[in-house]
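Protein sequences appear in the order of chains P and D.
Going by this note's numbering, the first sequence opens with residue 18, and the numbers climb by one from there.
Going by this note's numbering, the second sequence opens with residue 852, and the numbers climb by one from there.
These aren't lab readings, by the way, just hints derived from the structure by calculation.
Among the clues, some could well be false.
[Claimed, not checked] Here are the simulated DSS-like pairs of lysine-lysine, each with C-alpha atoms no more than 25 Å apart in a straight line: (1) D:Lys950 <-> P:Lys49; (2) D:Lys986 <-> P:Lys109; (3) D:Lys950 <-> D:Lys910; (4) D:Lys986 <-> D:Lys999; (5) D:Lys977 <-> D:Lys1004; (6) P:Lys49 <-> D:Lys910; (7) D:Lys1015 <-> D:Lys994; (8) P:Lys27 <-> P:Lys136; (9) P:Lys208 <-> P:Lys27; (10) D:Lys883 <-> D:Lys977; (11) D:Lys891 <-> P:Lys49; (12) P:Lys109 <-> D:Lys891; (13) D:Lys1007 <-> P:Lys109; (14) P:Lys109 <-> D:Lys894; (15) D:Lys1000 <-> D:Lys986; (16) D:Lys986 <-> D:Lys1039; (17) P:Lys109 <-> D:Lys1015; (18) D:Lys910 <-> D:Lys883; (19) D:Lys910 <-> P:Lys109; (20) D:Lys883 <-> D:Lys925; (21) D:Lys910 <-> D:Lys922; (22) D:Lys1015 <-> D:Lys1039; (23) P:Lys20 <-> P:Lys136; (24) P:Lys109 <-> D:Lys1000; (25) D:Lys977 <-> D:Lys910; (26) D:Lys925 <-> D:Lys950; (27) D:Lys1000 <-> P:Lys49; (28) D:Lys894 <-> D:Lys910; (29) D:Lys1015 <-> D:Lys922; (30) P:Lys49 <-> D:Lys977; (31) D:Lys925 <-> D:Lys994; (32) D:Lys1015 <-> D:Lys986; (33) D:Lys1007 <-> D:Lys891; (34) D:Lys977 <-> P:Lys109; (35) D:Lys1007 <-> D:Lys1039; (36) P:Lys109 <-> D:Lys994; (37) D:Lys1039 <-> D:Lys894; (38) P:Lys20 <-> P:Lys208; (39) D:Lys910 <-> D:Lys925; (40) D:Lys950 <-> D:Lys894.
Remember, predicted model here, so these are calculated numbers, not experimental data.
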Amino acid sequence: MKKYLGPLSKDNPVLVQTLGVCSALAVTAQMKPAVVMALSVTVVCACSNLIISLMRNTIPPRVRIIVQLLVVSFFVILVDQVLQALLYDVSKMLSVFVGLIITNCIIMGRLEAFALSHKPLPSLVDGVMNGLGYGLVLVVVAFFRELLGSGTLWNHPVVPASWYAAGYMNNGLMILPPMALILVGVLIWAKGETRSS
Amino acid sequence: MKNFSNTYIFLYISALVIFVAVVLSVVSIGLKPLREANVKAEKCQQILHAAGYHDVERKQSVELFSKVAEKMQKADNEEVYRIRCADGADGYAVRLDGKGLWGPIWGYAVLSGDGTTLKGVAFDHKSETPGLGAKITEEAFLKAFEGKKLYDKDGKFVSVRVLKAGTASEIANENRVDAISGATLTSKGVDAMFSNDLLNIKD
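Between the sequences and the hints, there should be enough to build the whole structure, so can you do that?
Below is the structure:
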């Protein structure tokens, strides 16, 4: 059981393996897209892990990367279509980044490292846990960026109007990607410090 | 490690690709009505917003739009609607298309009945930078267009120009709007959109 909890902290895909950083920078300006992105990646990662694991004895090793890519793109396009039909605003917000889930190294990494050599059920759990570990970082970064950058959380204003009247200003830099890089960097550093001590 | 023959590999991949293609096509066709309804509702909401109907829920926008607006037959396929604005006056909504920094930008300009004054505008974009170019969709920028004139004092058509704030030019205040700082190219795209797409509307 313990090894499945690894991705949440000890073996976090973003903070320890530094995978999937690109999308962690892109969709974390607000909480809502971050949560949707986290869920999408979790669904794609879990489903493709499960399918690849079910197929693992039939996949010819020479073309395994192609097969993995095919399965991942299948789920990504599915998620994209569903978002466009049912959650239009969110799909507009995520725009190209849904398509870029295909290139999220976490997913291909888990397929290569885990699903190809493990039974379906453990693979499914591994996919969910890695998706959640990734999502956790996204939500933490998005929390600070939205709070300090826009003064809102989940689009609800949380900074009282009296603060603005007293001269408080939102930090515009928080909205831009460079600040996301700095925040993720700080988290990676903090994680590394607690691990080594 | 098992050994797989070339024939096996070929058939395996072919079957997989065909399966994926069929399933995705079915899903795409199945969800198409929902996707198109979303796009249409958003368009209606944007035009209504430009015409002064604020706070219209997206769900109700299609119904309200069909009540107050009708599409006009234009020979050159331009998208123009005759619309009754929120203040009761008649106006025209004209589709605008242009280039942003990263991709297409588009919008609607609602003109007064005599075609000389902007009552409101709405913009949208495919992939402008959040916090910079994407600001063209924000209320503060849209508000600046309200009440601007398309003709100068001598009755010459100048459209509405989007110019860097504070630049001296012969363009009068009622014909210009301040560009967004940090989003020069997106602002230029909006400027070009107004110059090109409103030119043919002078009727």
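Hints and how they fare:
Taking the CA atoms of Lys950 (chain D) and Lys49 (chain P), the gap is near 28 Å; set against the 25 Å cutoff, the hint is violated. Proximity of Lys986 (chain D) to Lys109 (chain P) is assessed by CA-CA distance (about 15 Å); at most 25 Å being required, the pair is judged to hold. Restraint check: the Cα-Cα separation between Lys950 (chain D) and Lys910 (chain D) comes to about 29 Å, which exceeds 25 Å; the hinted pair is violated. Proximity of Lys986 (chain D) to Lys999 (chain D) is assessed by CA-CA distance (about 19 Å); at most 25 Å being required, the pair is judged to hold.
A C-alpha spacing of about 36 Å is found between Lys977 (chain D) and Lys1004 (chain D), which places the hinted pair above 25 Å, so the restraint is violated. For the hint pairing Lys49 (chain P) with Lys910 (chain D), the CA-to-CA distance comes to about 21 Å; that is within 25 Å, so the pair holds. Under the criterion of a C-alpha separation no larger than 25 Å, the hint pairing Lys1015 (chain D) with Lys994 (chain D) is consistent with the structure, at around 17 Å. Straight-line distance between C-alpha atoms of Lys27 (chain P) and Lys136 (chain P) comes to about 23 Å, which keeps the hinted pair within the 25 Å bound.
For the given pair, Lys208 (chain P) sits about 9 Å from Lys27 (chain P) by alpha-carbon distance, which is consistent with the 25 Å threshold. For the suggested pair Lys883 (chain D) and Lys977 (chain D), the alpha carbons sit about 20 Å apart, so the restraint of at most 25 Å is met. With a CA separation close to 24 Å, the supplied pair Lys891 (chain D) and Lys49 (chain P) stays within the 25 Å bound. About 14 Å separates the Cα atoms of Lys109 (chain P) and Lys891 (chain D), which keeps this hinted pair within 25 Å; it holds.
For a cut-off of 25 Å, the pair hint linking Lys1007 (chain D) to Lys109 (chain P) is broken: about 40 Å separates their Cα positions. A distance of roughly 14 Å separates the Cα atoms of Lys109 (chain P) and Lys894 (chain D); the hinted pair therefore holds under the 25 Å criterion. Between Lys1000 (chain D) and Lys986 (chain D), the direct Cα distance comes to roughly 23 Å. Compliance with the 25 Å bound is thereby established for this hinted pair. A C-alpha spacing of about 13 Å is found between Lys986 (chain D) and Lys1039 (chain D), which places the hinted pair at or below 25 Å, so the restraint holds.
The hinted pair formed by Lys109 (chain P) and Lys1015 (chain D) fails the criterion: a straight-line CA distance of about 29 Å is larger than 25 Å. For a cut-off of 25 Å, the pair hint linking Lys910 (chain D) to Lys883 (chain D) stands: about 17 Å separates their Cα positions. Among the hinted pairs, Lys910 (chain D) with Lys109 (chain P) is consistent with the structure: their alpha-carbon atoms are about 17 Å apart, no more than 25 Å. Taken as a hint, the Lys883 (chain D) and Lys925 (chain D) pair is broken in the structure, with Cα atoms around 28 Å apart against an allowance of 25 Å.
A C-alpha spacing of about 20 Å is found between Lys910 (chain D) and Lys922 (chain D), which places the hinted pair at or below 25 Å, so the restraint holds. For the given pair, Lys1015 (chain D) sits about 9 Å from Lys1039 (chain D) by alpha-carbon distance, which is consistent with the 25 Å threshold. Proximity of Lys20 (chain P) to Lys136 (chain P) is assessed by CA-CA distance (about 15 Å); at most 25 Å being required, the pair is judged to hold. With a CA separation close to 33 Å, the supplied pair Lys109 (chain P) and Lys1000 (chain D) exceeds the 25 Å bound.
In summary, the hint linking Lys977 (chain D) to Lys910 (chain D) is supported, as the alpha carbons are separated by about 22 Å, within the 25 Å threshold. For the hint linking Lys925 (chain D) to Lys950 (chain D), the alpha-carbon distance of about 24 Å falls within 25 Å, and the restraint holds. For the given pair, Lys1000 (chain D) sits about 39 Å from Lys49 (chain P) by alpha-carbon distance, which is inconsistent with the 25 Å threshold. Using a Cα cut-off of 25 Å, the hinted pair Lys894 (chain D) and Lys910 (chain D) holds, with the two alpha carbons roughly 12 Å apart.
Distance restraint check for Lys1015 (chain D) and Lys922 (chain D): the Cα-Cα separation of roughly 35 Å exceeds the 25 Å cut-off, and the hinted pair is therefore not satisfied. The suggested pairing of Lys49 (chain P) with Lys977 (chain D) holds, with an alpha-carbon distance near 19 Å, which does not exceed 25 Å. With a C-alpha separation of about 29 Å, the suggested pair Lys925 (chain D) and Lys994 (chain D) falls outside the 25 Å cut-off, and the hint is violated. Proposed proximity of Lys1015 (chain D) and Lys986 (chain D) is supported: the alpha carbons are some 15 Å apart, at most 25 Å.
The hinted pair formed by Lys1007 (chain D) and Lys891 (chain D) fails the criterion: a straight-line CA distance of about 36 Å is larger than 25 Å. Straight-line distance between C-alpha atoms of Lys977 (chain D) and Lys109 (chain P) comes to about 9 Å, which keeps the hinted pair within the 25 Å bound. Restraint check for Lys1007 (chain D) and Lys1039 (chain D): the C-alpha separation of about 22 Å stays at or below 25 Å, so the hint holds. Using a Cα cut-off of 25 Å, the hinted pair Lys109 (chain P) and Lys994 (chain D) holds, with the two alpha carbons roughly 23 Å apart.
Distance hint between Lys1039 (chain D) and Lys894 (chain D) is fulfilled; the C-alpha atoms sit about 23 Å from each other, no more than 25 Å. Among the hinted pairs, Lys20 (chain P) with Lys208 (chain P) is consistent with the structure: their alpha-carbon atoms are about 18 Å apart, no more than 25 Å. Our distance criterion of 25 Å between C-alpha atoms is broken by Lys910 (chain D) and Lys925 (chain D), whose separation comes to about 28 Å. In summary, the hint linking Lys950 (chain D) to Lys894 (chain D) is supported, as the alpha carbons are separated by about 18 Å, within the 25 Å threshold.
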